[in-house]
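J.: The residues making up each chain are set out below.
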Amino acid sequence: MDSVGKGAKLSGMTEFAIRKSFPNLTGQNFTITSPETPEYNCIAWAAGDMEAWWWPDANNQYYWPEEVPRNESLRAFKYLFENLGYQECETANHEEGYEKIGIYRDMQNKTTHASRQLRSGVWTSKLGSSEDIEHPFRGLDSSDYGSVFLIMKRPNQS
Amino acid sequence: MSDLAPSFEMMNIEEDNSTIGPDFMLVKRHIEDVATHYFKPLTRQWTNPPIRFFNLRSQWETDTAMLSSITEIAMHPSYQQIIGMGPSVIPLILNEMTIKPGHWFWALKSITGEDPVQPKQRGRIREMVDAWIQWGKEQNYLA
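Protein chains in written order, with the working numbering: chain F, -3 to 154; chain X, 297 to 439.
This is chain X alone, in the form it adopts within the complex (with noise of 0.2 angstroms):
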């Protein structure tokens, strides 16, 4: 994300102001994208992790915020390289996870082979985060 921060700062926005609105974090996650394509090119984003997380989440939104069916949200190709990149992404998605909660437990359970969320969780999106980010603590991902 240090390759993002100077949109932020000539923004001057703080991420947990209350004031602001979904459209506004929606404008702001744009401007990181064009952020991202024009601070790095683009064969170095593909080695760069983070960055090709970050593409990578940016179409999977765009092209699922529409749908309904976890199946088809979850087949969809930028999600299925997401799961592709391994462990380094569990860390990137916990991030995520703590900023905007999202369909994310099909990949982090793909990936670890866990499943944290309790039965009676299931469906319950804010309880699932919870769950799966008390697991990244609990497995020093997150701090």
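Looking at chain F on its own, in the form it has when it is part of the complex (with noise of 0.2 angstroms):
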């Protein structure tokens, strides 16, 4: 999954666009890996699904797993990724035989966004509806995203 549309650049607007949203991104730190779809999004991608929108919304209407809190707390979102097998840990640094997640949390403590690290130790996430990108850890803090408040990481899968 980790080379999905790897090498898809898209056009200078795109870029534009995403490098507007996320000031510590700049034309050389980040990579967009796949094209926009509101197919899937950060949650779901961070999962490991690219088939379902995830989010515990109160209308009941996108994807949350069942055994989940369907709250958007950070209590459940952590719930929600120890379920996938994931614990708490304290670096977001690369660990051989590790994989691991990142999530975020804005200044009125909303839970906001969830990205993944990489085998390469590079992280990626998917924008909304936008597109995947690959960046740095600290590249998509910002005022809509805050900034990484939980990483947690379980051991390879494959």
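By construction, these hints were calculated from the structure, which means they are not laboratory data. It cannot be assumed that every hint is accurate.
Just so you have them, the derived chain F footprint on chain X, three or more residues with Cβ under 8 angstroms [to be verified]: (1) 353 to 367; (2) 387 to 399; (3) 402 to 415; (4) 418 to 431.
The C-beta atom is built at its ideal place from N, Cα and C for all residues, glycine as well.
Join the two chains, each given in its own frame, into one complex according to the hints.
T.: Printed below as a string of structure tokens:
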């Protein structure tokens, strides 16, 4: 899955929109790796699913595992990834044999985003309904996403 | 949409041309928006539901494209204004979904009180879109 759409760099307009949203990204430190699509989001992408949009919306319209509390608290998102075999860890540093995810929280303490570390040590994110990108760990710190609040890891799955 | 037709014709582009990429569609949408602003004074836009809808949709899409939280996406002021327009926007939303799948499910459920999406389809955007389009046909909102 890590190689899906790799090298699918799109136009300057898309790149401009991404850089505008995330000031830590420059022309040199991120790569667009997929076309835009509303079919999955960052949570699904971090969980390894490209076929559904995962969110614990109160309207009960989007995918959320039944065994996980359906609310937007950080605790619920942590439980979601614990159910997928992840455990909280201290650092974002790459560790051989493990894969990591980061959960973001904004200034209002709302959970906003999740990213996943690739085996290369680079991080990958699905940006809402927009593209997947590969980026540095702190590349998505911004007013919209806030910053990484929780890092979790699990042994590589394959 | 008839107000916007000249821009399509000038470009001589078919909507379903499979060689057109997503960036071109984005540019085309901006051209539509520019044409709308040029041909319709703002005061008339607000009394014309289709034009008001397209303006609000454009702002909503721009502002929420990078967001994952459906709550944040649906609480955007433009999206809430679209919901506030009531049943007149149902055919506009359903037509929009046939062109570009998007997060219109909250709005449709709020306006209609219905939800034709089955539990097993939750989050599967294409299946959710198909369920709503089928509903729209059954309710005679779509041909």
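J.: Identify every previously stated hint that the structure contradicts and give their numbers, smallest first.
T.: none
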